[in-house]
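K.L.:
In the order they appear, the protein sequences are chains C and P.
Counting the first sequence from 1 gives a position; our numbering is that position plus 31.
Counting the second sequence from 1 gives a position; our numbering is that position plus 9.
These are computed hints drawn from the structure, not numbers from a lab.
Keep in mind that this is a model prediction, so the values were computed, not measured.
C-beta: ideal position from N, C-alpha, C; glycine also.
A portion of the hints provided could be inaccurate.
[Said to hold, decoys possible] Distance condition first, Cα-Cα at most 35 Å in a straight line; then the derived DSBU-like pairs of lysine-lysine:
{"id": "1", "chain 1": "P", "residue 1": "Lys80", "chain 2": "P", "residue 2": "Lys18"}
{"id": "2", "chain 1": "C", "residue 1": "Lys133", "chain 2": "P", "residue 2": "Lys80"}
{"id": "3", "chain 1": "P", "residue 1": "Lys23", "chain 2": "P", "residue 2": "Lys66"}
{"id": "4", "chain 1": "P", "residue 1": "Lys66", "chain 2": "P", "residue 2": "Lys80"}
{"id": "5", "chain 1": "C", "residue 1": "Lys133", "chain 2": "C", "residue 2": "Lys112"}
{"id": "6", "chain 1": "P", "residue 1": "Lys23", "chain 2": "P", "residue 2": "Lys80"}
{"id": "7", "chain 1": "P", "residue 1": "Lys66", "chain 2": "P", "residue 2": "Lys18"}
{"id": "8", "chain 1": "C", "residue 1": "Lys133", "chain 2": "P", "residue 2": "Lys18"}
{"id": "9", "chain 1": "C", "residue 1": "Lys112", "chain 2": "P", "residue 2": "Lys18"}
{"id": "10", "chain 1": "C", "residue 1": "Lys133", "chain 2": "P", "residue 2": "Lys23"}
{"id": "11", "chain 1": "P", "residue 1": "Lys66", "chain 2": "C", "residue 2": "Lys133"}
[What the hints assert, rightly or not] For each label pair, taking beta carbons as the anchor points, the in silico distance ranges come out as:
{"id": "12", "chain 1": "C", "residue 1": "Asn52", "chain 2": "P", "residue 2": "Gly49", "range": "11 to 21 Å"}
{"id": "13", "chain 1": "P", "residue 1": "Arg86", "chain 2": "C", "residue 2": "Ser96", "range": "18 to 28 Å"}
{"id": "14", "chain 1": "P", "residue 1": "Thr14", "chain 2": "C", "residue 2": "Met111", "range": "26 to 36 Å"}
{"id": "15", "chain 1": "C", "residue 1": "Gln110", "chain 2": "P", "residue 2": "Leu78", "range": "35 to 45 Å"}
[Stated by the list, open to error] Chain C stretches covered by chain P per the calculated footprint, using a threshold of three residues with CB under 8 Å from any CB of chain P:
{"id": "16", "region": "72–80"}
{"id": "17", "region": "127–139"}
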Amino acid sequence: GQSLEQPSEVTAVEGAIVQINCTYQTSGFYGLSWYQQHDGGAPTFLSYNALDGLEETGRFSSFLSRSDSYGYLLLQELQMKDSASYFCAVMNSGYSTLTFGKGTMLLVSP
Amino acid sequence: NAGVTQTPKFQVLKTGQSMTLQCAQDMNHNSMYWYRQDPGMGLRLIYYSASEGTTDKGEVPNGYNVSRLNKREFSLRLESAAPSQTSVYFCASSSIYEQYFGPGTRLTVT
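All chains should be modelled from the sequences, with the hints used to inform the complete structure.
P.N.:
Quick look at the structure:
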């Protein structure tokens with residue numbers, strides 16, 4: 032089976048940098064994705080890492096180390112609108128399904 | 010281009026009642042999914058359909074059935090609702106790396 036671990040809650044202030052870690056145990060690993068969900072809303076895709084290293088998309092970056100079964104999402108220049116839940120998800124073999132972590136609630140304060 | 014749509018948005022059922030949740034996508038995706046989201050549990054896969062005409066069980070399929078009506082539509086049926094099925098249900102479709110989620114159906118079973 033698959034299991035993912037991520038912190039349940041992280042707090043930070045506007046303008047700061049925050050890192051949300053994710054460790055996973057899985058078979059048939061194809062890649063690690065990150066999704067954002069604002070309260071009551073639909074999850075939206077942020078990033079996907081298939082290979083080791085850092086992927087940057089604007090203020091958000093995502094990192095993967097396959098040998099360590101570890102990844103993280105880095106959010107820079109935090110804004111109030113970044114307050115949301117962030118989920119890591121493992122893409123399973125054949126690209127067919129995702130297994131999600133339980134999510135990290137990020138609270139950005141002024 | 011509406012993306013992924015779901016109906017209804019809200020529903021209250023009594024124990025033992027049945028209902029069908031509807032989902033449609035207009036992105037010509039082959040793969041579609043049904044998830045449930047409970048507080049502190051993240052997103053858990055109920056059923057998925059990798060292509061028109063095929064369906065497969067996910068992590069939590071008991072008490073549910075699905076139909077992939079055509080490439081656009083994927084419905085989820087609760088034959089005899091139970092209070093444990095009180096949850097938020099999300100439908101999604103995917104390109105290879107990214108899943109697109111509908112707005113969700115908030116279901117309460119009393």
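K.L.:
All hints are to be evaluated individually against the structure, with a verdict given for each.
P.N.:
How the hints compare with the structure:
Distance restraint check for Lys80(P) and Lys18(P): the Cα-Cα separation of roughly 22 Å lies within the 35 Å cut-off, and the hinted pair is therefore satisfied. Distance check on the hinted pair: Lys133(C) and Lys80(P) sit about 30 Å apart at the alpha-carbon level, within 35 Å; holds. Of the supplied pair hints, the one linking Lys23(P) and Lys66(P) holds, its CA atoms being roughly 25 Å apart against a limit of 35 Å. A distance of roughly 18 Å separates the Cα atoms of Lys66(P) and Lys80(P); the hinted pair therefore holds under the 35 Å criterion.
Of the pairs offered as hints, the one joining Lys133(C) and Lys112(C) holds, with about 21 Å between alpha carbons and a cut-off of 35 Å not exceeded. Distance hint between Lys23(P) and Lys80(P) is fulfilled; the C-alpha atoms sit about 32 Å from each other, no more than 35 Å. Note on Lys66(P) and Lys18(P): the hinted pairing holds, with a Cα-Cα distance of about 24 Å set against a maximum of 35 Å. Taking the CA atoms of Lys133(C) and Lys18(P), the gap is near 23 Å; set against the 35 Å cutoff, the hint holds.
Annotation: proposed proximity of Lys112(C) to Lys18(P) holds, straight-line Cα distance about 24 Å (limit 35 Å). A hinted pair counts as satisfied when its Cα atoms are at most 35 Å apart, and Lys133(C) with Lys23(P) qualifies at roughly 29 Å. At roughly 20 Å between alpha-carbon atoms, Lys66(P) and Lys133(C) fall within 35 Å of each other, so this suggested pair holds. For Asn52(C) paired with Gly49(P), a C-beta distance near 18 Å keeps the hint of 11 to 21 Å intact.
Between Arg86(P) and Ser96(C) the beta carbons are some 42 Å apart, a value that contradicts the proposed interval 18 to 28 Å. As the Cβ distance of Thr14(P) to Met111(C) is approximately 29 Å, the hint placing it in 26 to 36 Å holds. Here the CB-CB span from Gln110(C) to Leu78(P) is close to 41 Å, well matched to the stated 35 to 45 Å. Judged by the Cβ-Cβ criterion of 8 Å, the region 72–80 of chain C is covered by chain P as claimed, because 6 of its residues qualify and three suffice.
Judged by the Cβ-Cβ criterion of 8 Å, the region 127–139 of chain C is covered by chain P as claimed, because 8 of its residues qualify and three suffice.
Hint compliance for this structure: hint 13 alone is broken.
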